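Take these sequences, add in the hints, and give me the full structure.
Chains as they are written, first to last, in our numbering: chain S, 1 to 223; chain C, 1 to 307; chain X, 1 to 238.
What the hints contain is simulated information worked out from the structure, not anything from laboratory work. Here the structure is a predicted model, which means the values were calculated and not measured. Every residue, glycine too, gets a C-beta built ideally from N, C-alpha and C.
For lysine-lysine, the following BS3-like pairs were computed, each having C-alpha atoms within a straight-line distance of at most 30 angstroms:
#1 C/214 - X/203
#2 X/203 - C/213
#3 C/230 - X/203
Pairwise CB distance ranges, derived in the manner of DEER restraints:
#4 C/89 - S/38: 43 to 51 angstroms
#5 X/149 - S/35: 56 to 64 angstroms
#6 X/149 - C/89: 55 to 63 angstroms
#7 S/216 - C/213: 45 to 53 angstroms
#8 C/65 - S/21: 46 to 54 angstroms
#9 S/143 - X/29: 53 to 61 angstroms
#10 X/72 - S/135: 45 to 53 angstroms
#11 X/156 - S/38: 42 to 50 angstroms
#12 C/236 - X/215: 45 to 53 angstroms
#13 S/213 - C/200: 41 to 49 angstroms
#14 C/74 - X/156: 41 to 49 angstroms
#15 C/229 - X/8: 19 to 27 angstroms
#16 X/105 - C/170: 34 to 42 angstroms
Footprint (simulated), chain X over chain S, 3 or more residues, beta carbon under 8 angstroms:
#17 76 to 86
#18 163 to 169
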Amino acid sequence: MIVADQFRPGTFVDAFRFIGDHGSLLLSKTSEHLELSFAALGIALLLALPLGLWLGHRHRGFFFAATVSNVGRALPSLVLIAFGLTIFGVGFWNNTAALVVLAIPPILTNAYFAIDGVDRDVVEAARGMGLSERQVLLRVELPLGLPLVIAGVRIATIFVIATATIAAIAGGGGLGEIIVNQASYGLGGVVGAAFCVSALTLLAALGLGLLRRALSPSPVPGA
Amino acid sequence: MYRKHTSRAAKASFAVSLGVALLIGLLASGGAGASPKAKPTVTIGTKNFTEQYILGQLYKQALEAKGYTVDYHENIGSSELIDTAFQGGKINFYPEYTGVLVADIAHQTAPKTAADTYAAAKKFEETSRNATLLNQTPFYDTDSFGMLTSTAKKLGVKAIGDMKKVKSFTYAGYPECRTRITCLLGLQKIYGLKQTKFVPLGSISVYTLLDQKKVTAGDVFSTDPQLQGKKYTVLTDTKHIFGFQNIAPVVTKDLAGAGGADFATVVNAVSAKLSLAAMRAMNKAVAIDKQSPAAVALAFLKANGLA
Amino acid sequence: MNALVAAGPVIPNFGQGSRCERTNGWWCTDWLHAHWGDTLQPALVQHIELSLIAVGIGFALAFALALVGVRYRLLDAPIGVFADFLYTIPSLALFQLLVPLTGLTVTTVEIALVSYTLLILYRNMVEGLRAVPADALEAAQGMGLTARQTFLRVELPLAAPAIIAGLRIATVSTISIATVAAFVIPQGLGRPIFIAIGQDLFKTEILAAGALAVVLALVADGLLVFAQRVATPWSRAG
Chain S
1 MIVADQFRPG TFVDAFRFIG DHGSLLLSKT SEHLELSFAA LGIALLLALP LGLWLGHRHR
61 GFFFAATVSN VGRALPSLVL IAFGLTIFGV GFWNNTAALV VLAIPPILTN AYFAIDGVDR
121 DVVEAARGMG LSERQVLLRV ELPLGLPLVI AGVRIATIFV IATATIAAIA GGGGLGEIIV
181 NQASYGLGGV VGAAFCVSAL TLLAALGLGL LRRALSPSPV PGA
Chain C
1 MYRKHTSRAA KASFAVSLGV ALLIGLLASG GAGASPKAKP TVTIGTKNFT EQYILGQLYK
61 QALEAKGYTV DYHENIGSSE LIDTAFQGGK INFYPEYTGV LVADIAHQTA PKTAADTYAA
121 AKKFEETSRN ATLLNQTPFY DTDSFGMLTS TAKKLGVKAI GDMKKVKSFT YAGYPECRTR
181 ITCLLGLQKI YGLKQTKFVP LGSISVYTLL DQKKVTAGDV FSTDPQLQGK KYTVLTDTKH
241 IFGFQNIAPV VTKDLAGAGG ADFATVVNAV SAKLSLAAMR AMNKAVAIDK QSPAAVALAF
301 LKANGLA
Chain X
1 MNALVAAGPV IPNFGQGSRC ERTNGWWCTD WLHAHWGDTL QPALVQHIEL SLIAVGIGFA
61 LAFALALVGV RYRLLDAPIG VFADFLYTIP SLALFQLLVP LTGLTVTTVE IALVSYTLLI
121 LYRNMVEGLR AVPADALEAA QGMGLTARQT FLRVELPLAA PAIIAGLRIA TVSTISIATV
181 AAFVIPQGLG RPIFIAIGQD LFKTEILAAG ALAVVLALVA DGLLVFAQRV ATPWSRAG
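Okay, structure coming up:
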């Protein structure tokens, strides 16, 4: 499956040469990778975000949120990919489903704690002003809880992009396909693709981190 | 002022954790002791599919039964990769198919008989790899052009050449198949099937892809147990692009010399027993009946007085 | 006995797989019985070993770094950023980046696993140690405790909940990531999963190995929660 031709640091030079020589291949693999990741994240957001926000607003389901978080962390990505394969066979859904399952816990838990943790006085004041429950959630709680919500989305994004790499063994394509295919691309290609996917994840992490900071309300001590 | 202790504690912790790490590293790396007798250590490597696992276990356990120390590296990869590992000294023994050695590693034209293929492979190893071949097995395992029988009926094809009339089709194979004259390259050049779209196999087997109709046809092995039923069909290879593929152990000249006649006898005794029926039965036991390669190999060796 | 029978091989009856095995059932108990000892249990033991080594080394390193980071605030940011950076690299990519340097060995796997535990443990330890109230430290000094006694009897116990919380997360993550180690070395619970994927998606093996990994993580988590309650009974666990 995966083997090093020869163990030498000079392989890193080969890796950069590979990146230089195979720009279009890497670009198409990257877009495959992102397609899968964004599809999964989109579905996960649709499922987990409203639920987490609503539960947090009602201050219900703490045990549920904590359990989802604990169990979610205990699910190895490789196992999810393998389960997906077993249930759906090779295709689009096996990897997408696995990635959705992976992305839901951080999004759900963070959304819950973000809204649940908003200062109750502020919420009471808003209610006192006559805002409906929905308006309280959307106009008061959500803006205040946004940094934590985005932190959850950031974690989910990192997990998903990382696991999409492994999904290559189940027909997921993407940069992972190069990484697991040393026979075709050589060790230089494998390491080069590894660089690319690391850069991708770092960019996503940085980008969302900046977004979170930009959307934070004025500095709160200890945030 | 009360933080001073943390710097001392920090230094102590560094020392302790370094010590722990070193200790664990030493313990984990273990250390394969050299054989107490004069018998050389055999470092066996195998490629990455079921039949290779069985072959590896057969030779490993047979050698161990005769007192050799075996360092076993399963699942190294394709022929090209294992050849690189062999040249780099990572292994000194691996079972390889003669035709693959001649056509894909040595890049020579495929000979017309099994005996000629073996001779050419042996000559190649002796001149270019500082190695030699021990005796070849009676059985051979060639790549074949396989598809679901239902697909073959639908397309109306019986021989590989018939695929010319199919406008476009997908063909699944291990990644190295793409550049091999005994595989995709042969299909394209010798049969003129330029419309083939290649689908590289990852961890998923070709039969899974065929079953789920993800590909039209795929590179199957003639000893696969799945081929014994009616579900899959193999198209006839009229132009013999897939060559003759008996197994022969590739060993370094050093190992052959150090092991001498005794070593060769042990290995050749195993190879002699590997008939087509035997290999098919063992493949079936592992792939269909889900037994472990080690157990199947041991049972076979015991039944034949080799372990 | 030798020359005459040397003709053809004796092919033993390997026995037929059960109906469940041959038709790829979801949960073939006979396969599990037969192969627990030679496939699942060794993989489980290897997995536990890999994880324990990684968490052990990671804990020791993170602890040392945390003490440095707490004392020298200037170093805290770079150490934190570096650990953050390591954590973001996908596990498979990190393994592959290390292979040219340290080969297809347990060392490669351990280096990667340790890197991942570093971030979680480091952050939690630093925050835990920083959160110790200054009053408590002053009181200890006032009582005449030496610096070392203060550290061992006041700071550590107060920081313990945060440290153990980090240890919980790190342990579960390590067990999870160790499944990917099978890409590099044939060890851990990832290996049966790979083999099963190649064997026509052999469901029983995939489900069994996967379930073992999940259960292992949950059990480890549970043990640490218990350990925390025992060690620091005054704090609210989890």
